[in-house]
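Asker: What follows is the residue order along each chain.
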Amino acid sequence: MIEVEGLTKRFGKKIAVDHLSFQVRPGVVTGFLGPNGAGKSTTMRMMLDLDIPSGGSVRIDGKHYRELSEPVKYIGALLDAKAMHGGRSAYNNLLCLAQSNRIPVSRVSEVLDTVGLTAVAKQKSKGFSLGMGQRLGIAAALLGDPEILMFDEPVNGLDPEGIHWIRNLMKALAAQGRTIFVSSHLMSEMALTADHLIVIGQGKLLANTSMADFIQENSRSFVRLRSPQREQMRDALHAGGLSVVEAADGALEIDGSTAEEIGELAARNQLTLHELSSQRASLEEAFMQMTAESVEYHAHSGGAGGVGPAAHTAPGPQWGQHDNQGKGA
Amino acid sequence: MASVPAVLQSEWTKIRTVSSTIWTLAVAFLVTVAMGFGLSLLFKSTFDDLSDAERVTFDPTFVSFSGMILGQLAMVVFGVLVVGSEYSSGMIRTSLAAVPQRATFLFSKIFVAGALALVVGLVTGFVTFFLGQAALGDHGTSIGEPNVLRAVIGSGLYMGLIALFSMGVATMLRSSMLSLGILMPFFFLVSQILASVPKAKQVAKYFPDQAGSKIMQVVPNALNSEKPPYTPWEGMGIMALWVVAALVGGYLVLKKRDA
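First to last, the sequence lines map onto chains Z and S.
The working numbering puts the first sequence at residues 1 to 329.
The working numbering puts the second sequence at residues 330 to 588.
Be a bit skeptical, because a hint or two may be false.
To be verified - Quick list of in silico lysine-lysine cross-link-like pairs, BS3-like style, CA-CA up to 30 Å:
| # | chain 1 | residue 1 | chain 2 | residue 2 |
| --- | --- | --- | --- | --- |
| 1 | Z | Lys204 | Z | Lys171 |
| 2 | Z | Lys13 | S | Lys530 |
| 3 | S | Lys534 | Z | Lys82 |
| 4 | Z | Lys126 | S | Lys373 |
| 5 | Z | Lys14 | S | Lys584 |
| 6 | Z | Lys204 | S | Lys585 |
| 7 | Z | Lys204 | Z | Lys82 |
| 8 | Z | Lys73 | Z | Lys171 |
| 9 | Z | Lys14 | S | Lys528 |
| 10 | Z | Lys63 | S | Lys584 |
| 11 | Z | Lys73 | S | Lys584 |
| 12 | S | Lys556 | Z | Lys73 |
| 13 | S | Lys528 | Z | Lys82 |
| 14 | S | Lys585 | S | Lys373 |
| 15 | S | Lys585 | Z | Lys13 |
| 16 | Z | Lys204 | S | Lys584 |
Said to hold, decoys possible - If the Cβ cut is set under 7 Å, some of the chain Z residues that face chain S in the computed set are:
| # | residue |
| --- | --- |
| 17 | Lys63 |
| 18 | Leu79 |
| 19 | Ala83 |
| 20 | Met84 |
| 21 | Arg268 |
Quick caveat, the hints were computed from the structure, so don't treat them as lab data.
Everything numeric in this text was worked out from a predicted model, so none of it was measured.
Beta carbons: idealized from backbone N, C-alpha and C, even for Gly.
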């Protein structure tokens with residue numbers, strides 16, 4: 001159990017983490033979600049006592065991190081893939097880590113085998129690809145056979161096979177009863193792995209809920225229709241007490257009803273329909289709505305250096321443009 | 330709390346498993362020995378050209394350590410890389426997550442690296458001395474003469490302290506490039522130049538390398554140089570104070586700053 005209480009981090013005048021309080025419970029995968037620059041990495045670094053909090057505290061089973069006698073046996077963490085000495089072999093990088101926490105040397109070969117790096121164990125880690133570096137970082141996290149595992153953006157830069165592998169690994173580790181705390185800026189990724197969700201934006205807690213509740217509350221369902229008699233259709237819907245939103249392509253979107261009801265309504269009014277379908281807004285959109293206010297780096301229309309109000313017409317691609325921003329914040 | 334023997338073992342593994350350790354220490358040894366040998370040969374062949382004052386104050390022990398001026402730079406690189414590579418590689422976060430007691434982490438690393446530098450320094454000192462005396466021939470001295478053994482052991486201490494000072498500076502600056510960019514010109518140029526400029530040398534003789542290197546002299550005003558206002562061991566003490574200051578400064582930075 002990790003308890004974060006009133007955790008705050010200021011960098012000069014900027015508040016990176018703002019009175020954050022939450023708990024990470026054992027036996028489930030807890031997703032830690034937020035846009036880039038929301039303070040996820042800073043929070044995780046404070047949990048490991050790498051960054052010193054400006055206020056508040058983190059307790060791991062009631063103890064401060066630096067009170068843990070051999071922390072690698074308690075918490076395994078993957079912060080960034082390249083937190084190893086490139087001039088040292090994969091094996092030796094893990095060996096010095098194992099020795100510092102009195103972990104049996106045999107564990108080094110075991111975890112290298114678990115992550116599939118046995119063949120390159122004697123190679124210098126600077127020649128590793130991003131995916132191999134990520135696997136080495138995960139091997140380091142698993143080294144002490146810890147009850148708590150923390151992964152910061154583990155799928156970043158991985159190929160589909162690597163992503164698949166990490167997802168299954170996390171699920172398997174949680175199934176063994178371990179506490180898994182994993183950060184991401186991708187809702188779709190969390191939806192596949194996390195049981196519980198903590199969402200932050202600009203360092204503030206936005207949601208702390210189970211995944212099932214989040215889906216229930218946040219995925220808007222609506223009916224979409226297209227009709228050549230659009231105005232009559234609109235009037236008929238209004239007469240039926242339904243609110244109508246016009247989509248960009250001229251289709252109508254209706255909240256709070258079902259396709260069956262609307263089909264029958266159209267039939268009663270003898271209106272022609274070209275399309276009638278039930279729609280569900282993606283979790284990605286729900287997440288984006290939730291964090292829209294707190295996104296730190298907006299893409300501006302008009303390319304680099306463009307000044308002016310943020311264009312929100314197509315929020316999707318904006319995320320991809322910021323993969324490397326705000327990581328160091 | 331972390332087990333100190335375990336952390337020492339881990340730091341020893343870190344040091345012995347990177348190639349920079351081997352080449353910096355090998356260069357420190359080879360350059361000091363080879364340059365000392367070469368300059369000793371040169372002094373032997375040009376001994377008759379020295380002035381009377383220089384001949385009276387001729388210090389064969391100190392002459393054999395002439396290579397230290399370059400050899401110490403390799404020790405600087407060793408000390409800087411031991412600490413700086415933690416920062417440049419990002420390993421520091423892995424290291425501190427494993428050993429969150431920052432004093433234990435830092436001083437274990439410095440103890441292991443300092444001990445290694447001291448051993449290499451002592452070996453270098455003795456080899457340099459005996460080869461240098463062989464090159465000087467009739468003008469040489471022997472290890473049994475007064476104060477000679479002190480100078481030879483002192484040369485090893487000097488190399489160890491140079492490495493420790495560099496580790497302290499690198500911990501304060503948290504960057505190999507920045508540390509090398511300051512320490513190399515300082516030891517190779519600034520300190521040497523200021524030590525020969527009137528007035529400036531009154532200050533420069535308290536610099537760590539100037540004060541510490543006096544331990545390698547058997548004749549206090551060797552080669553007609555100015556006699557320092559402190560004894561060789563006091564000079565070493567001044568250098569040790571610089572080292573303590575650098576290490577304490579490094580520890581305070583490590584303790585206060587985010588990793």
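Asker: If a hint holds in the structure, say so; if it does not, say that too.
Answerer: Evaluation of the provided hints:
no.	hint	in the structure
1	Lys204/Z to Lys171/Z	27 Å, holds
2	Lys13/Z to Lys530/S	45 Å, violated
3	Lys534/S to Lys82/Z	44 Å, violated
4	Lys126/Z to Lys373/S	49 Å, violated
5	Lys14/Z to Lys584/S	22 Å, holds
6	Lys204/Z to Lys585/S	25 Å, holds
7	Lys204/Z to Lys82/Z	28 Å, holds
8	Lys73/Z to Lys171/Z	20 Å, holds
9	Lys14/Z to Lys528/S	48 Å, violated
10	Lys63/Z to Lys584/S	20 Å, holds
11	Lys73/Z to Lys584/S	23 Å, holds
12	Lys556/S to Lys73/Z	58 Å, violated
13	Lys528/S to Lys82/Z	50 Å, violated
14	Lys585/S to Lys373/S	54 Å, violated
15	Lys585/S to Lys13/Z	18 Å, holds
16	Lys204/Z to Lys584/S	27 Å, holds
17	Lys63	11 Å, violated
18	Leu79	6 Å, holds
19	Ala83	4 Å, holds
20	Met84	6 Å, holds
21	Arg268	67 Å, violated
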